[in-house]
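We have chain A already, so just place chain B on it with the hints.
Single-letter residue listing:
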Amino acid sequence: MTMTAVLALAVGVFLVRLAGPLMRSRINVSERTETLMKRGAIVVLAALVITGALFADGGFAGWALPAGVLVGGLLAWRRAPILVVVIAAAATTALLRLGGIA
Amino acid sequence: MPPRFLPERDRDVFRDALAMSIGIGIVGVSFGALATSAGLPWWIPVAMSFLTFAATSQFAMLAVVMAGGGVLAGLAAGVLVHLRHIPYGLAVGNLYWDKWWTRFLGTFMLIDQSTAFALAAGDDRRRAKAAYWITTSIMFVAWNVGTVVGVLAGGFIPDPNVFGLDAAFPALLLALVMPALKDRDTLLAALVGAAIAAATAPFLPTGIPVLLALVGLLATWPRRKPKEDAA
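Protein chains in written order, with our numbering: chain A, 1 to 102; chain B, 1 to 231.
Looking at chain A on its own, in the form it has when it is part of the complex (with noise of 0.2 Å):
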């Protein structure tokens, strides 16, 4: 990998980035619209955390990490503060995997 493909890299990345607000400020953002596109957001990190507690290396990640996921949602549902839900979540499934189970 050389220093042109970093950079290239940096740039495809970052036109990517510059897409949603140019799109943005091409149209007149209605309060539907805005609506609309924060629960479009939602709706991907939502995608990401079950895509992300379900997957890795293109197949299923095994037990222990879904699990740490479902504590850390368990515990946000009841309001714990975000540092509780993370760490709890990785103390799970690190605990998990150190009991033998993947």
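One or more of the hints may lead you astray.
Only pairs whose alpha carbons sit at most 30 Å apart, straight line, appear in this in silico DSBU-like list of lysine-lysine [to be verified]:
{"hint": "1", "chain 1": "A", "residue 1": "K38", "chain 2": "B", "residue 2": "K129"}
{"hint": "2", "chain 1": "B", "residue 1": "K129", "chain 2": "B", "residue 2": "K182"}
{"hint": "3", "chain 1": "B", "residue 1": "K129", "chain 2": "B", "residue 2": "K99"}
{"hint": "4", "chain 1": "A", "residue 1": "K38", "chain 2": "B", "residue 2": "K182"}
{"hint": "5", "chain 1": "A", "residue 1": "K38", "chain 2": "B", "residue 2": "K99"}
Bear in mind the hints are in silico, worked out from the structure with no lab data behind them.
Same frame as chain A, but now just chain B:
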């Protein structure tokens, strides 16, 4: 901005983001170490983290190149997994669309976490703005420091999975989107979208399933009419 200059109400976000940054830092270490152990000179991963600031894209490109897939295929993979940032930019782009340099920096630093923290701040634009900049700046520092440490550590590649860090990231995002899921339409769209993403993830390249999830928005689109008919 030092934390003591931060208004009281933004300190929670600062504290949370600072704690998260440990995890991002460790992932950065593994990126730097992985790249150098693959035989790349130190400045490649360091420049990559500094100029790109996109963990999944960097790992995706590195994986393809390391597997012998070539630079072009690596680039394609890196950009593909990044496409989810288009809906992010649509949703939070107005938070930094002021002066030319805030537009530039805000665009450059658009990541999953800054988007999620900004959206979790709700309708308060000032808070959302603060959440966006605070989280993204902290993550930027952590990611780059991590990468440099990984390069220096040379050969020692920490496995973030041992610490369960791969669970920390989805759990963080889940906690941040949860307030928005109180809205029934958003919940419905998210559930349908997540189902679509989970069903397609085993068969499609990484990056596509989370975009397909946007189809879930259609689940809420025509709702208004039947509701009026029912009423």
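* To do: Give me the numbers of the hints this structure contradicts, sorted from smallest to largest.
  => Of the numbered hints, all hold.
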